[in-house]
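There are 2 protein chains.
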Amino acid sequence: MSRFLSEKFASLAPYVPGEQPRDMKYLKLNTNESPFPPSKKVIEVINADNAAYLRLYPDPTGHDLVEALSEVYKLPAENIYVTGGSDEALYYAFLAYCDEKTPVVFPEVSYGFYPVLADLLGIKAKRIPLREGFRLEPEDYYDAGGTVVIANPNAPTGRAIGLDAIREICRRNENNVVVIDEAYVDFGAESAVRLLPECPNLLVVQTFSKSRCLAGARIGFSAAAPDMIEDLVKLKFSINPYDLTRLSIDAGAAAVRDVEYFDECRGKIISARKYTTEALRATGFEVIDSMTNFLFASPVVMSGEEFYLEMKKRGVLVRYFGTEKTKNYVRITIGAREDMERFCAVASQVVKEAGK
Amino acid sequence: MSRFLSEKFASLAPYVPGEQPRDMKYLKLNTNESPFPPSKKVIEVINADNAAYLRLYPDPTGHDLVEALSEVYKLPAENIYVTGGSDEALYYAFLAYCDEKTPVVFPEVSYGFYPVLADLLGIKAKRIPLREGFRLEPEDYYDAGGTVVIANPNAPTGRAIGLDAIREICRRNENNVVVIDEAYVDFGAESAVRLLPECPNLLVVQTFSKSRCLAGARIGFSAAAPDMIEDLVKLKFSINPYDLTRLSIDAGAAAVRDVEYFDECRGKIISARKYTTEALRATGFEVIDSMTNFLFASPVVMSGEEFYLEMKKRGVLVRYFGTEKTKNYVRITIGAREDMERFCAVASQVVKEAGK
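First to last, the protein sequences are chains Z and H.
Here the numbering used here is used: the first residue of the first sequence is 1204, the next is one more, and so on.
Here the numbering used here is used: the first residue of the second sequence is 1204, the next is one more, and so on.
No lab work stands behind these hints: they were computed from the structure.
Among the hints, erroneous ones may be present.
When chains are identical, the list treats them as one kind, so a pair holds in a single copy or across two.
[Claimed, not checked] Calculated pairs, DMTMM-like style, for lysine to aspartate or glutamate (alpha carbon to alpha carbon, straight line, at most 25 Å): (1) K1244 to E1210; (2) K1515 to D1262; (3) K1304 to D1346; (4) K1437 to E1377; (5) K1327 to E1210; (6) K1515 to E1541; (7) K1329 to E1270; (8) K1244 to E1371; (9) K1228 to D1267; (10) K1243 to E1303; (11) K1244 to E1222; (12) K1211 to E1281; (13) K1277 to E1401; (14) K1559 to E1544; (15) K1228 to E1556; (16) K1329 to D1346; (17) K1211 to E1340; (18) K1304 to E1210; (19) K1437 to D1322; (20) K1437 to D1302; (21) K1437 to E1311; (22) K1243 to E1509.
Computed from a predicted structure; not experimentally measured.
Okay, chain Z solo, but in the shape it has when bound:
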């Protein structure tokens, strides 16, 4: 830290992204990326002809991408804006809708970026404990007294709530915004986008990093009432108007329109998830039913950390979160079927040796 840094950031602890080690080749099941390449339609737009146009600025409204989203989600363009990934969208949401008077309210066990954003912005954070088995009880968010942020499905637990619950949370917080972070929604939960007409305080955030196989292209979008989109666009244009690259706007539009490939990829993930859940349970793991592209599982016979370290030694990376509530668990990204077969074989060996 330099002596010039504003005092308010003296104790800021930044988000720690999943490790990307370079020392050897791992089976990487730690950052919830897709095991499949992007759609062929996406790969077609990444070419020399389009690269030549990189000399020009992108359209800061991302018009072509917004139009594609508008078609596929059957939502007017005025309900949508796009960002360079969904973390950026979450930042604008916290910035717009939280302040000294309005705290942020989120589940105690959830995406690790929420407390970092609250801390950075100097916003009070109210963390609501999950119930038994990491279950999110919608009633715990009624009259929450601040901006509610819920990942649905939740990370790293993989559990989802239904649209009725979200509608009721919106209704019971009518003077505050309810942000639903749908990073993982395409793997089995239902998107709250369809609640927009009845919920004027709802903000839905999605990413292209998981189900659309484009983590490396940095694309996110948000859907909300037009007046809220206007708020968020005003912030984006006051901080970083040109956030998406030209190629990402084109790639994103192509990805959204290739519905067939999107369905094929998520179908494969859902099927590999079922296989992995059953295989791990058969080996003695406690596995939470997941609606995402990852599993939250406990090896039971050893701690999450021990399991993580043993797997890493054997060339398999999973994610371990060292908090009190999650220390017995690891988060395992669902890869392709053959990846998961290898994972299950190694995991089974590790717990067998630990159980001796």
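Got chain Z sorted already, so can you dock chain H onto it with the hints?
Okay, now just chain H, sitting in the frame of chain Z:
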């Protein structure tokens, strides 16, 4: 504006990017882009093989790009960090080094984003008038009482100050950070990067959008003492760690390493600038000597706005800033030689008709 937006943003006026009209094909000399495509080495990395890896997250440290910059600028990697364009880097600089106690100090006529950032962050802005002929007087920034931000060369004036002046401004503000925004430095001014060993409070910000022909790829970098880089990286990792796309990291590294093409492009711009300056002066324009890829010029016989509107009717876009101090001027991006010949012909006709 929604009723949920934090009060502090009620009167925020966002930055207005240069217009990108879609109604007809213009000769676009309004957003300071390069008329030349990116280096062939850049175009080679934008291919189907690399597109397939877009399924994976980028390296949030942008290691390969930092390494290329480190080589070419002969600067240790610990003095560098990269961002998704330089606007993002400016945001982190304002956020890190300004607050209620530390205002920001910048020239009254300069890059329009500075007052927007100050407004957004609720920071007091001290605007120092330029001297006669838009000249920046270094002494006006001694003991400035806040974080100093100077675009060098300045925009939209095109005038530059020397390294001796920058060194002295750093020395005379030893308890505050001095940000030198070098968006246009490669077209004739000298980079302050080489002052880093003697100036522990210096932060240099550069972009790939102008001299490296990559506005569409969103790449910027900052150079400063390692403890300041640490501050800024901490903020980046608390807001948006994955800001650069995988393709932009690779494209940026390839662009930096192709020194020959870089020199060829900026040489052509400098030569077209000389041609345009002389041609406009011969037509009666007042033209400020420019060290950038644009000219700041007054048609004299008509206002900047009238000239802008007349040129637009004829299919040529220039940038007009409607402030009191700049209302007689327009900013003209330097394109390829043939673009500038066409521009000069149309401009000459417009002022001749106005002078009748």
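Hint check:
1. K1244 to E1210: neither (48 Å within a copy, 44 Å between copies)
2. K1515 to D1262: Only across copies: K1515 and D1262 sit 20 Å apart there, 43 Å inside one copy, limit 25 Å.
3. K1304 to D1346: within (15 Å within a copy, 36 Å between copies)
4. K1437 to E1377: Within one copy only: 23 Å inside a chain, 35 Å across chains, cut-off 25 Å.
5. K1327 to E1210: both (18 Å within a copy, 17 Å between copies)
6. K1515 to E1541: within (18 Å within a copy, 59 Å between copies)
7. K1329 to E1270: neither (37 Å within a copy, 41 Å between copies)
8. K1244 to E1371: So K1244 and E1371 fail the 25 Å test inside a copy (39 Å) and across (55 Å) alike.
9. K1228 to D1267: Between copies only: 18 Å across, 38 Å inside.
10. K1243 to E1303: Result: close neither inside a copy nor across copies, 47 Å intra and 51 Å inter.
11. K1244 to E1222: Intra 30 Å, inter 30 Å, cutoff 25 Å: neither.
12. K1211 to E1281: between (36 Å within a copy, 24 Å between copies)
13. K1277 to E1401: within (15 Å within a copy, 58 Å between copies)
14. K1559 to E1544: Within. Shortest intra-copy distance 23 Å satisfies the 25 Å Cα cut-off; inter-copy 83 Å does not.
15. K1228 to E1556: Within one copy, since 24 Å is at most 25 Å while 70 Å is not.
16. K1329 to D1346: within (12 Å within a copy, 43 Å between copies)
17. K1211 to E1340: For K1211 and E1340, neither the intra-copy (34 Å) nor the inter-copy (33 Å) Cα distance is at most 25 Å.
18. K1304 to E1210: both (21 Å within a copy, 10 Å between copies)
19. K1437 to D1322: Both, since 23 Å and 12 Å are each at most 25 Å.
20. K1437 to D1302: both (17 Å within a copy, 21 Å between copies)
21. K1437 to E1311: This pair counts as between: shortest inter-copy Cα distance 23 Å, intra-copy 30 Å.
22. K1243 to E1509: neither (40 Å within a copy, 49 Å between copies)
Figure legend: structure checked against the earlier numbered hints; hints not met, in rising order: 1, 7, 8, 10, 11, 17 and 22.
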